[in-house]
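One-letter residues, chain by chain:
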Amino acid sequence: MEISNQVSEGLKVLGSPSKIDDDLFRSYLEAAVISLSSAEKMSEIKINSTAEVDGKVAYASLLVVMVEAARHDVDSTSLASILEEKRFDPPRLDKVLKLYSVVKHKLQAQLSGIGSFPPHVVDATWKLDYVIKSDNLEYKSGPQYLVNLLTEVPGGGEKKIQFACTMEEMQDLVGKLREAAKLMEKVANV
Amino acid sequence: MIPRTICGNVDVQQNSSDMEEVDKIIIHSLRQVGCDIEDEIESLQQFTTELVVEATVRCLRVIQPGLTLPVSLPSSMSARFRIGAEIAQVCSDLGYGGDVGYQTFLYSSVTDIRKVLIFLIEKLPKESEKVVEVPSGKAALLQQSLSDLLRKQFNTPWIPNYCKNKGIRWFKDGSWSREGYLHCHQFYSCPLVVPPVTTKKLEITEKSKDYYKMHTPYITEQIKNSNELVPSLIQLNANSLTLEQLHSEKDSSVLMKPWLPSLEKTSKLMSSKDEPLEPYARSLVGLSGKKPIPRPRPPPKPKHLTEETPSPPKSTEEVPADKEKTHDEEEKDSEKSIENLKQKMEDMKISFEDLRNEVKTLKVKASQAMEELREEEKPCQEVEERLALWRRTQEILPRPGSDGLAGEGVERLKSMADGSARRLLSLASAWDEHRTALLSEYRHLREHDTNRTSEAQRQAELLRSLREKTREVMEEVREKEQIRKQLTTEREKVNKDVGRSAYTRRIMEIIGNIRKQNEDIDKVLKDTKEVQKEINQLTGRLDRSFTVADELIFRIQTEEAKSVASNLERITADLRQMRQESAALAARLERKS
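Line by line, the protein sequences give chains W and Y. Okay, so the first sequence: first residue is 1 according to full-length UniProt numbering, each after it adds one. Okay, so the second sequence: first residue is 1 according to full-length UniProt numbering, each after it adds one.
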C-alpha cells in the first residue's frame, strides 16, 4: 500500500490532538462511517464547514487511507504500524482502527462493483411444453423447453434472454452446465 | 458349557493371528512416521508405555503439525498424567469414537491401543495430500483462498435476487460475495480539491488561505454522485503519488503546494483520451462542478482588424433608414467605399508589414551600432588612462627649461620611495600581527565547528537508533499485549474450574476410598479362600458318603431284586390259579346256556 506524502502529512495532522480537537475528530469519524459505508446518505453529513484548513486535509487523508487500506486488504496490525509512523495519538489510533474494522468489508464490496462487467445471469425460469403440431415445417412433435434467463446488465437494469430447445439440446445444455459445476467443485476442493 | 469355551478359544487364536498381521502394518506405518521401534518388536503386546506414548504423539504431530506435545514422558507422575490426558483430548477432538483417557496410554491394554493406533494411522495424511500441503508461495496461497471462497459459496443455498442488498450477499461473519451486477458502475472520478498542509515552511498568500478556509468544501461535499467517492479518493492518492515521483528529483517543495495538479503537468502525465482523468479543467474553474467547462478564449485579434471589421456591417445596417431611391446609389457608394477601404486596408497591411520589417532591421542595426560604439569606446578609455599616467609623470619630471629642479624631483621621488617602502614594512608587520590573531581565531572556530557538526551527527545517529529502538519496542509491546490478552482469556477460562487444592483433596479422598476398598477386597478374598477350603472339605466328605450310599443302594437293590423274584413267582402262581378258575367258570356258563 502506497500513500502519498500529502496524505501522510494530513494523517500527521489528524493524529495530533493539538491541531484537531477531539470533537472535530469525532465528527470526522462519524462522517467517514457514513460516507464510506452508506454512500447514498452522504448528503446528511454535516461538518462544521468553516473549520481550519488543516481539518479539511485531515479528513481527506482519513478517507484516502481507509479506501487504500481496504483496496489492498491490509490487516489492522499493519495499518496500526503505518499510523504509528505518523505519530498517531494512541486513543485516536484505536478509534481509527475500529472505524476500519467497521468499514473494511463494506468498502471492499463497494470496490468489487467498480469496473465493467458482462451481463450476469441471476435467475432462470423454464417451462416444458408438449408440441403436437406447429407451423414449422418438419417439426417432430415432442417436448419443448422454454427457458427464460434473467440477466442483470450493470447500470442498465434487468434483461430477459429467452430461448426454446428440444429435449436433446436441453440435455446437452444441462450436461455442459454439470461439467462446469464439476470443474468448479474440483477447484473448490483443492 | 465345555464346547462353547473351546470355540471361544479357537476364535481368539484366529483373531490373534489376524492381529499379528494388523500389528505388523501398524508398526510399519509407525516407523514411517518416525518412531524408533526396534526390530525385535513385532506385536503391540511388546510395546512399553513410553513407546505407546511416543507412537501416538508422533502420529498426532503429523496429523496436526502445530502440536506441542513432548515425545518422551517426563519422570514426574503428575506431568505424565497431564500429558496422557492431553493426548486423549486431542484424540477425541480428532473424532475418535471410543473411550480414551490417560489410562489408555499410561496403563495400556493391547486392544485399546490397537484401536487408537488404527484410528490415528487412518487419519494420517496420504502421500498425495502431503504434496499439496507443502508448497507455500503466493500462487498456492491464492489458489487456497480461491478454493476456500468457492467452497463457501457452494455451501450457501441459492437465494432469489431480490433478497440481496444491491447484489451483495452478506454473511454473518461480515464477509460477503457479489452475486448481482445491477449496481455496478464504471470507474468515474471527479477531481477533488484539498488544501495543502499548513506548516511553517509553507508560504501561501492570505487570499488563498481565506479561500481554503471559507470556501473549499469538504471532499465529501465536492462529489456529485455517491458512486464517485471511492474512485475519486483512489485517484487523488494516485495523482499525488505520480506528481511526487515526477518532482522528487526536481524540487521537494511540491509537498507544500495544494493538491491540485496543474493542467500542463497532467497533460504531460496522461493523454487527453483518458476520459475519467480529463476533467481537470473543471477543477480549476468550479469545485461544485455546476459551472460548465470553460471553452478556450479566442486568441486576441490584431488591432487593425478589430478596428476595421465592425465598420462594413454598420453601413449596411444604416442603409434601410434612408430613402429608397438613394438606396442603390448609396449601396454602390458604400460598396465602392468598402472596396476602397479594403484596398486601403490591403495597402496599409502591406505598408504595416514593410514598416514592421523595417523596424526589425533598424533594431538590429541599432544593436549593431551600440556594439560598435562599445568597441570604439574601449581604445578611447585605454588612451585616457595612458594620458592620466603621462600627466602624473610629467608633474614629477623636471620641466624642460628649468634644470635645477631635476635633482629636486629625483630627491622627492627617492624620499617618496623610501617612505612608501617604510610604510610597506610597517603595514606588513601590522598585517602579520592581525593575521596571526585572525588565523588562530579561525582555527579555533573551525575546530569548534567540526566538533559541533560531529556532535550533531552523533546525536542524529543516536536519534535514529532510538527511533528504531522505539519502533522495535512498540512491536514487542504489541506482541506482549497480544500474549497477555491470550493469557488472560486462558486464565479466565481456568478460573472457572475449581482450584488445585480441591483437586488434590478429591484425589486424596479417592485414594482413601481405594485403600478402604482394597482392604474390603482383601477381606472378601480371605472369606472366599475359607469358603473354598470348606468347599473342598465338603466335596471330600460328599465323595465318601457317595461311595457309602452307593454300596448301601447296591445292597438294598440285590435284596429288593430277590424279594421281587419271589413276589413274581407268587403273582404268576396266583395268575395261573385265577385263569384256571375263570376257565372253570366259563365252562359252567356255557353249560348253563
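Hints were generated in silico from the structure; no laboratory data involved. By construction, the Cβ of each residue, glycine as well, lies at the ideal position given by its N, Cα and C atoms. Some clues are possibly wrong.
Unchecked claim - Ranges between beta-carbon positions, derived for each pair: (1) Gly175/W <-> Glu42/Y: 39 to 47 Å; (2) Glu2/W <-> Met474/Y: 18 to 26 Å; (3) Ile25/Y <-> Pro119/W: 25 to 33 Å; (4) Asp94/W <-> Phe171/Y: 24 to 32 Å; (5) Pro17/W <-> Met474/Y: 53 to 61 Å; (6) Asp94/W <-> Glu476/Y: 14 to 22 Å; (7) Asp173/Y <-> Glu2/W: 25 to 33 Å.
Unchecked claim - Result set (DMTMM-like, lysine to aspartate or glutamate): computed pairs, CA atoms no more than 25 Å apart in a straight line: (8) Lys152/Y <-> Glu179/W; (9) Lys106/W <-> Glu86/Y; (10) Lys98/W <-> Glu30/W; (11) Lys176/W <-> Glu179/Y.
Results of checking the hints against the structure:
no.	hint	verdict
1	Gly175/W <-> Glu42/Y: 39 to 47 Å	55 Å, violated
2	Glu2/W <-> Met474/Y: 18 to 26 Å	22 Å, holds
3	Ile25/Y <-> Pro119/W: 25 to 33 Å	58 Å, violated
4	Asp94/W <-> Phe171/Y: 24 to 32 Å	26 Å, holds
5	Pro17/W <-> Met474/Y: 53 to 61 Å	19 Å, violated
6	Asp94/W <-> Glu476/Y: 14 to 22 Å	19 Å, holds
7	Asp173/Y <-> Glu2/W: 25 to 33 Å	29 Å, holds
8	Lys152/Y <-> Glu179/W	20 Å, holds
9	Lys106/W <-> Glu86/Y	42 Å, violated
10	Lys98/W <-> Glu30/W	12 Å, holds
11	Lys176/W <-> Glu179/Y	21 Å, holds
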